[in-house]
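Asks: Using the hints provided, position chain D relative to the given structure of chain S.
Which chain is which? The protein sequence lines are S and D, in order. The first sequence runs 1 to 235 under full-length UniProt numbering. The second sequence runs 1 to 235 under full-length UniProt numbering.
Source of the hints: derived by calculation from the structure; they are not laboratory data. Don't take each hint at face value.
One copy or any two copies: either way a pair holds, since identical chains are not told apart in the list.
[As the list claims (entries may be wrong)] Listed next, the in silico DSS-like pairs over lysine-lysine satisfying Cα-Cα at most 27 Å (straight line):
(1) K19 / K133
(2) K73 / K146
(3) K59 / K92
(4) K146 / K19
(5) K195 / K133
(6) K186 / K133
(7) K92 / K133
(8) K19 / K195
(9) K186 / K146
(10) K73 / K195
(11) K59 / K73
(12) K61 / K73
(13) K136 / K195
(14) K146 / K61
(15) K133 / K61
(16) K92 / K146
(17) K59 / K136
(18) K195 / K146
(19) K61 / K92
There are 2 protein chains.
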Amino acid sequence: MPSIDVCFSPELLPLYDLKGKIAVAVDVLRATSSMVTALAHGVTHIAPVSELHECLAYKEKNYLVAAERDGVKAEGFDLGNSPFHYREDSVKGRFLAITTTNGTQAINRSRTADAVLVGAFLNLGAVADYLRKANKDVVVVCAGWKGLFNLEDTLFAGALAERLEGDFSLNHDATLAAHSMYQVAKGDLMGYLSKSSHVQRLERLHILPDIEFCLQHDVYNVVPVLEGEFLVVAQ
Amino acid sequence: MPSIDVCFSPELLPLYDLKGKIAVAVDVLRATSSMVTALAHGVTHIAPVSELHECLAYKEKNYLVAAERDGVKAEGFDLGNSPFHYREDSVKGRFLAITTTNGTQAINRSRTADAVLVGAFLNLGAVADYLRKANKDVVVVCAGWKGLFNLEDTLFAGALAERLEGDFSLNHDATLAAHSMYQVAKGDLMGYLSKSSHVQRLERLHILPDIEFCLQHDVYNVVPVLEGEFLVVAQ
Numbered sequence: 001m002p003s004i005d006v007c008f009s010p011e012l013l014p015l016y017d018l019k020g021k022i023a024v025a026v027d028v029l030r031a032t033s034s035m036v037t038a039l040a041h042g043v044t045h046i047a048p049v050s051e052l053h054e055c056l057a058y059k060e061k062n063y064l065v066a067a068e069r070d071g072v073k074a075e076g077f078d079l080g081n082s083p084f085h086y087r088e089d090s091v092k093g094r095f096l097a098i099t100t101t102n103g104t105q106a107i108n109r110s111r112t113a114d115a116v117l118v119g120a121f122l123n124l125g126a127v128a129d130y131l132r133k134a135n136k137d138v139v140v141v142c143a144g145w146k147g148l149f150n151l152e153d154t155l156f157a158g159a160l161a162e163r164l165e166g167d168f169s170l171n172h173d174a175t176l177a178a179h180s181m182y183q184v185a186k187g188d189l190m191g192y193l194s195k196s197s198h199v200q201r202l203e204r205l206h207i208l209p210d211i212e213f214c215l216q217h218d219v220y221n222v223v224p225v226l227e228g229e230f231l232v233v234a235q
Numbered sequence: 001m002p003s004i005d006v007c008f009s010p011e012l013l014p015l016y017d018l019k020g021k022i023a024v025a026v027d028v029l030r031a032t033s034s035m036v037t038a039l040a041h042g043v044t045h046i047a048p049v050s051e052l053h054e055c056l057a058y059k060e061k062n063y064l065v066a067a068e069r070d071g072v073k074a075e076g077f078d079l080g081n082s083p084f085h086y087r088e089d090s091v092k093g094r095f096l097a098i099t100t101t102n103g104t105q106a107i108n109r110s111r112t113a114d115a116v117l118v119g120a121f122l123n124l125g126a127v128a129d130y131l132r133k134a135n136k137d138v139v140v141v142c143a144g145w146k147g148l149f150n151l152e153d154t155l156f157a158g159a160l161a162e163r164l165e166g167d168f169s170l171n172h173d174a175t176l177a178a179h180s181m182y183q184v185a186k187g188d189l190m191g192y193l194s195k196s197s198h199v200q201r202l203e204r205l206h207i208l209p210d211i212e213f214c215l216q217h218d219v220y221n222v223v224p225v226l227e228g229e230f231l232v233v234a235q
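This is chain S alone, in the form it adopts within the complex:
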C-alpha cells in the first residue's frame, strides 16, 4: 500500500526523498487556490516563478503576470493572489506567470518528485482521484508562511489523508497529526482558522471573502500538474 506523508515547510524538504513519489504542493491561502481557479476558468498554462523580475519578464511574451508579496499585489503586475481575479472571462485562453511569497517556492522545490501536482480544497477530490489512480507514495508539500508551519495547508493535508484512507497508509507522524487536526476542524474550518494570528493578519488585509472561497471543497475538477516549466491541467 502506498503512503501519504506531509512536509510542513519547504525548509524541511531536504529531509524528504521525493524520487519515485508524487509531490502535492499546497498554499491554500491563496496561491494554489488561485492557480486551480485560473486553470479551471480557461488559463491554458501557468509559469510558477520564484522571483519578481523573472515573473515581470514574461509580460513581454504576452503573459498575464501576477505577483503577491506579504499578502498584497506587487507593483507593476496585472494581477495579485486573489482567486477572484482568475474567474474573469478575460483570463480565458491566456498564459499566466505568477510569483507568490510561499506557494511558487513550494512548487519549484518539489521538482525532484516523479510528478508535481498543485492542490487546494477547491480541487481536493480531483487530486485524490488522480493519486488513487497513480498508486505511488505521496508527499504533501505545505508552503507554510516564510518557512514556518501553518494551519491551513496542514488542514488540506489532513483532508487529503481522509480522502485517501483505506487506499494509502497514513502512519507517518506528520500525516497522523494533519488528519487529527482536520477531524477537529472540518465542521467549521473558518472558525478553527480564525484563532490563528497568521489568519488574523490575512483578515486585516480584508480578504475574508477570499478565505471563505478558498476553504470550499470540490469546486473544480482540475488537477494542475507540472510539465517542464509550466503547470497545465492533467488529462
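Replies: This is chain D only, laid out in the frame that chain S set:
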C-alpha cells in the same frame, strides 16, 4: 500577555528568534524524560553533548557517560537512553554526560534563548509553574526524529499549552495545532501514538515500558535548566 510558540524541528530553529524568550527543549522518547529522571534521582549535573567522542571523553573526569544512537545504547558507554537506567541508587551524587540522536541537539541549538529548560511529561507541571513565574515568551523546541516532525514532542507542546492557557497567548499556528492534537490524544496517549510508524519502530526495540513511563504526567517536581555547559535543577 506572553505567548507560547512551538518549533517542530531543530532544522526550523533558524527561523525563530529566541532572544528574550525561554526555550523548552523536549525529546519525550526518551532523552529529556531520562534527564528529568536522572536529576530527580540525585544526579548533580548533566553535560548534554552532541558527539559520541566528546561524550566519552567525560569518562576520564569521573562522569557517568550515556549515549544513544538510533534508539540503542552506543558501545563503550555506561548507560543508554532508558529512564529506568536513571532511577538507580548508583546515579545519586554523580555527574552525567549524555549524547542522544535528537535530544541533545535540541538543547544545544536553543542556547540563544534567555534560558533553556528541559521538558517532559514527567515534569510538565513543574515546567508550567516555572514559565508562569518567569512571564516571558516561550518557544517549545521539539527534538523530532532526525529533523522530522514527531507526534510525541508535539503532544508535550500541546499539553504545556493547555497548562498555560489563560496566562499565555496560544495563537501561533504551531501552538494551535499542538493544542488540538493533545485534546484528541490525551484520553489515551499510548493508543494515539501506537498508530505512528516512528513509535512502532521504537516498540520493535522492546522499549514499551519506557514509553509508558515517559507518558506519565507530573511524576517529578524538577525543572532542568542550562547553566553554562550543564543542566542543573532550577532552584
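Asks: State for each hint whether it applies.
Replies: Hints and how they fare:
| no. | hint | result |
| --- | --- | --- |
| 1 | K19 / K133 | within (18 Å within a copy, 49 Å between copies) |
| 2 | K73 / K146 | within (17 Å within a copy, 38 Å between copies) |
| 3 | K59 / K92 | within (17 Å within a copy, 72 Å between copies) |
| 4 | K146 / K19 | both (25 Å within a copy, 19 Å between copies) |
| 5 | K195 / K133 | between (37 Å within a copy, 25 Å between copies) |
| 6 | K186 / K133 | within (26 Å within a copy, 36 Å between copies) |
| 7 | K92 / K133 | neither (29 Å within a copy, 60 Å between copies) |
| 8 | K19 / K195 | between (37 Å within a copy, 25 Å between copies) |
| 9 | K186 / K146 | within (25 Å within a copy, 31 Å between copies) |
| 10 | K73 / K195 | within (25 Å within a copy, 43 Å between copies) |
| 11 | K59 / K73 | within (16 Å within a copy, 60 Å between copies) |
| 12 | K61 / K73 | within (21 Å within a copy, 62 Å between copies) |
| 13 | K136 / K195 | between (35 Å within a copy, 21 Å between copies) |
| 14 | K146 / K61 | neither (30 Å within a copy, 45 Å between copies) |
| 15 | K133 / K61 | neither (36 Å within a copy, 61 Å between copies) |
| 16 | K92 / K146 | neither (31 Å within a copy, 47 Å between copies) |
| 17 | K59 / K136 | neither (37 Å within a copy, 49 Å between copies) |
| 18 | K195 / K146 | within (19 Å within a copy, 31 Å between copies) |
| 19 | K61 / K92 | within (17 Å within a copy, 75 Å between copies) |
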